[in-house]
Each structure stands twice: as structure tokens, then as C-alpha cells.
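> Fit chain B to the supplied structure of chain A, relying on the hints for placement.
Protein chains: 2
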Amino acid sequence: MLSVAVVDATEPGNVGTIARSMKNFGLSDLLLVDPPELDPEGEAYGFAGQAREDVLPEARELTFEELLSEFHTVGCTAVTNEDATSHVRYPFQTPAELADDLASVEAETAVVFGRERVGLTNDELARMDQVCSIPASDDYPVLNLGQAATVVLYELRELTLEETQHPDERHERADQQAIAGLHDQFGDFLEDIGHPDEKRPKATRLWRRFVGRAHPTGREVRTLRGLFRRAGQRIEWAETDSSDGDG
Amino acid sequence: MLSVAVVDATEPGNVGTIARSMKNFGLSDLLLVDPPELDPEGEAYGFAGQAREDVLPEARELTFEELLSEFHTVGCTAVTNEDATSHVRYPFQTPAELADDLASVEAETAVVFGRERVGLTNDELARMDQVCSIPASDDYPVLNLGQAATVVLYELRELTLEETQHPDERHERADQQAIAGLHDQFGDFLEDIGHPDEKRPKATRLWRRFVGRAHPTGREVRTLRGLFRRAGQRIEWAETDSSDGDG
Chain A
24 MLSVAVVDAT
34 EPGNVGTIAR
44 SMKNFGLSDL
54 LLVDPPELDP
64 EGEAYGFAGQ
74 AREDVLPEAR
84 ELTFEELLSE
94 FHTVGCTAVT
104 NEDATSHVRY
114 PFQTPAELAD
124 DLASVEAETA
134 VVFGRERVGL
144 TNDELARMDQ
154 VCSIPASDDY
164 PVLNLGQAAT
174 VVLYELRELT
184 LEETQHPDER
194 HERADQQAIA
204 GLHDQFGDFL
214 EDIGHPDEKR
224 PKATRLWRRF
234 VGRAHPTGRE
244 VRTLRGLFRR
254 AGQRIEWAET
264 DSSDGDG
Chain B
24 MLSVAVVDAT
34 EPGNVGTIAR
44 SMKNFGLSDL
54 LLVDPPELDP
64 EGEAYGFAGQ
74 AREDVLPEAR
84 ELTFEELLSE
94 FHTVGCTAVT
104 NEDATSHVRY
114 PFQTPAELAD
124 DLASVEAETA
134 VVFGRERVGL
144 TNDELARMDQ
154 VCSIPASDDY
164 PVLNLGQAAT
174 VVLYELRELT
184 LEETQHPDER
194 HERADQQAIA
204 GLHDQFGDFL
214 EDIGHPDEKR
224 PKATRLWRRF
234 VGRAHPTGRE
244 VRTLRGLFRR
254 AGQRIEWAET
264 DSSDGDG
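Respectively, the protein sequence lines represent chains A and B.
Those letters in the first sequence? Residues 24 to 270, by the working numbering.
Those letters in the second sequence? Residues 24 to 270, by the working numbering.
So that you can see chain A by itself, here it is in the shape it has in the complex (with noise of 0.2 Å):
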């Protein structure tokens, strides 16, 4: 189970879009010590979306020692150590990482986010049990909160989603047999438009390589097919009128 942290917020603002991206990557259980007053008319419900329905009314206010004593915490921070010579930033984990690790273990989790301009201080980091940070530019590695929240939790998301909004297949490319359909209709294109003999297997492989990187659809193979069918029926069409009007 993976709840979401934020200490000492000043914001309203941030801990709505907090909220919503919870809801956004299947997350409830927000977690808010010393919370700024959060008006039902203000930011934080404004900016939460849906779940100004749920999320942020079921929120739990706690304190510090509450969250360490109840949940494995992870601490979130854009500033580490350079090195094992101190352990308040270091060892960190990356987003991706993080996920990883947090796949094979079973613990109430709380990842922890911390005040708007600060962040977590070294006296709360050295009291949580890992640490993560975002990698960001080197000349500015520091995210607005709800930034850097959002995107841990999109991280996060397979151990939190049962489902997503996507289709299982995000691309449903043509079969093999249509593809061989689609470059055999393109060599009779070339042979209807009079492409010179020579240049045709040089013209069909330039083909193959352009389409075999788009991975098409059966739907772009059935009607660009049939678009280079109708390319040739016309060529033969006008041809025939032609030689009607010539005979």
C-alpha cells in the first residue's frame, strides 16, 4: 500500500494538484503534516480536479513522528550527496528505481515530499528510510512541488494501477500477409504509372524499408492498397478512352 506525504506546505495550490495526481496514477491515501488550511472554496480544492471528491477531503493530518512510526518513508529530494561520505542524501534512488525496489516488498510505504522553496530538511531526510530523487538539469534541478510529486507517482504507477486508459494494444499493426499484399499492389503501381524497369527494384526496396519502419495498420495497408489499385484502374481507364478516341 503506497501513501503520498507532504510536510509543511505552504500552498494550497500544491497540495490539490497533489490530489489529482494521485488520482491520476490510482493513488488515495494522502498524508498532510502541518498542512496549510485547505478551503473548500480555495486552491487546493480548484486545482484538484476529481479528486476534490475524495483524495483531498479524505486526507489524514499527522505528525512527523506519526508518519515515521507508522510508515516505511521515502524521502523526496532534487539536492543528494555526491558521494557515501555522508548519508543524509546518499545512497538515492532514482523514480525508476525506486519502483523497482518497491515492486518486490510488501510495507506500508509513505513516499514524502517536502516544503515549497526547501524541500525536506537534512534532520527529516536522515530520519526516512530511502531517499529518491528526479533526474533533472544539472543547472536547475529543482521542480515545484506538485511537479516533482506528479512525476514519482507516474513512476510509481504500475504498482498503483490495475488499469489505464489505453487500449491493451496501443498499435495494431497489419499482418504479414496484408504488408506482402500492400508491396506486391505497389510493384503493379509501378509497372501502371511506366516506371522505368531498371529503377524498380531500387524504387521497391526504398518501399520496403519506408514502410517497414511506420509498422502500418491493417487499416493504412487495406487503403493505401486500394488507393494504388485505383491509381492503376485509372491510368488503364484513361488509357483505354484514349485509344477509343484515337481508333
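In short, the hints are calculated from the structure, not lab data.
Built from N, CA and C at the ideal position, the CB exists for glycine as well.
Certain hints may be false.
Stated by the list, open to error - Label-pair restraints from in silico Cβ distances:
#	chain 1	residue 1	chain 2	residue 2	range
1	B	Q200	A	D57	57 to 65 Å
2	B	E192	A	L247	46 to 54 Å
3	B	A261	A	T86	38 to 46 Å
4	A	T86	B	E181	35 to 43 Å
Claimed, not checked - Stretch-level coverage of chain A by chain B, calculated; a stretch enters the list once three of its residues show a Cβ under 8 Å from a Cβ in chain B:
#	segment
5	46-56
6	133-147
7	173-182
8	188-195
9	229-242
Relative to chain A, chain B alone:
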């Protein structure tokens, strides 16, 4: 070269949030189609963090037609088609797949995000080159605009970031010899504390598994080894003292 385009956003704060995330993940070229007014004293600049100094003031306003004619466009949407019978929102790629895909292509590419409530329209998406969709909860897949952009830019970071804030090694594991030394020390410790002979192999295995999963740093190994040694010494001294006292 990767740009970010925002079409017809209404909330200046969202534009600012996107500018900040761009800077966090190493992008600088922000394209705005029909943007809201971006008051330097208002929310766009308030939410932009350090991007208020460059990404936001240097953003370029352009028309949708200009966007399409100048860039290879990737439209981002939470709502996809289910199968190949419609091509407006299908096939689509996840942000991770898009990152792999764009890695091998040299093109002026714009990742395009739509307006807050309804995203990109079918007409807009139909005219773009690729479609990208973030996997999220089947119950509530629609992320806030700023959050959606952040997740996509996070996934594309390999293409845009030369260096992250992280040290090259995020986990400096102790060398195997040091770890072997820790195991020896633990063996001595079992002896020093008088752990029964017949139980030592089991305790030794347990300890080896425990350490094996934690991949300790050099500092952790040295510290633990020192603590076990010290425990042994204390026991020895105490026993010497008490035998002195007895003697």
C-alpha cells in the same frame, strides 16, 4: 531540436509551470498559439521559477498553421482511440516510446499540448504527425495541463539533458573485499557474544542475505565493521575487568 508548443491555454499559471518544467529538463524553446496574456507581475512569471529569466520572456507566439508547417508535431492527449478504425488518436505512443522513437530522428520537433479543459481537438490532432498519450488511471486519466507536460518532458530528458544534477554513481557500492571483511568481522562478533556454535551458520547466512540485498557503501561497511569490532573489544575488556575483580 525539441520545442514545446501550447495551444490556446487560458491559465497563465499553466504556461509558467510548463516553462519551469522545460528548464528543469533542459528545453528552452517555448511556442505559444493563442496564449493568454502573460503579465510579468502575474501567475505565469510567478510559477515559472528560474524560467522567468529566459524560457518565458523568449517564448514565441505563432499561429497553428505556422506550427504545423515549421515542425514535426507530436500531439499529446489523454483520450485515445481504441483501435485502428479511427486514425485521429490512433496509433499512439506512450512518452517512453516517444523518447525512443525521437532518439534516432534529426528533426525540428514540437511536442504540442492543448487547452486546459478539452485538450487538443480532433481537428487539431488530425493534422499532427504523431500522437502521444500518458498511461494513467482508467477512472480518471486526465492530468492537469502542467502535470501532463512535466511527465512528457521528464520522459524525453535523455534527448534534452546533457547532464543531470546527480553524481555519475548514485550508489557507490563497497568493493567485494571490504564486504568479505565485514562478513569475517560478523563471524568474530558471533564468537565474541557467545552465540551458540550450532546456530552460527544460520545467523551467518541470514546476515549475508541481508547485506547482499542492501549493497552497502564503503562507508557503511567500515562503520559496521568498526561497531562489531568495538563490541568484541568491550566484551573482552569487561571480561578481563571482571576476572581482575574476581582475582
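> Quick one: are E192(B) and L247(A) within 46 to 54 Å, going by C-beta?
Taking Cβ atoms as reference, E192(B) and L247(A) lie about 50 Å apart, which means the hint holds.
> Count the residues of the segment 133-147 of chain A whose CB lies closer than 8 Å to any CB of chain B, then report whether that count reaches three.
violated (count 0)
> Does the Cβ pair Q200(B), D57(A) satisfy 57 to 65 Å?
With a Cβ separation near 47 Å, Q200(B) and D57(A) fall outside 57 to 65 Å, so the hint is violated.
> Taking a Cβ-Cβ distance under 8 Å as contact, does the segment 229-242 of chain A have three or more residues in contact with chain B?
That given contact holds, which follows from 3 residues of the segment 229-242 of chain A lying within Cβ reach (below 8 Å) of chain B.
> Do three or more residues of the segment 173-182 of chain A come closer than 8 Å to chain B, measuring C-beta to C-beta?
Held - the segment 173-182 of chain A has 4 residues with a Cβ nearer than 8 Å to chain B, which meets the minimum of three.
> Go check the segment 46-56 of chain A versus chain B for me, would you? Three or more residues, Cβ under 8 Å, otherwise it fails.
holds (count 4)
> Please test the hint of 35 to 43 Å on the beta carbon pair from T86(A) and E181(B).
holds, 40 Å
> Are three or more residues of the segment 188-195 of chain A within 8 Å, CB to CB, of chain B?
It holds, with 7 qualifying residues against the three required.
> Do A261(B) and T86(A) keep their Cβ atoms within the hinted range of 38 to 46 Å?
At roughly 40 Å between Cβ atoms, T86(A) and A261(B) fall inside 38 to 46 Å, so the hint holds.
This entry does not satisfy hints 1 and 6, going by the numbered hints stated previously.
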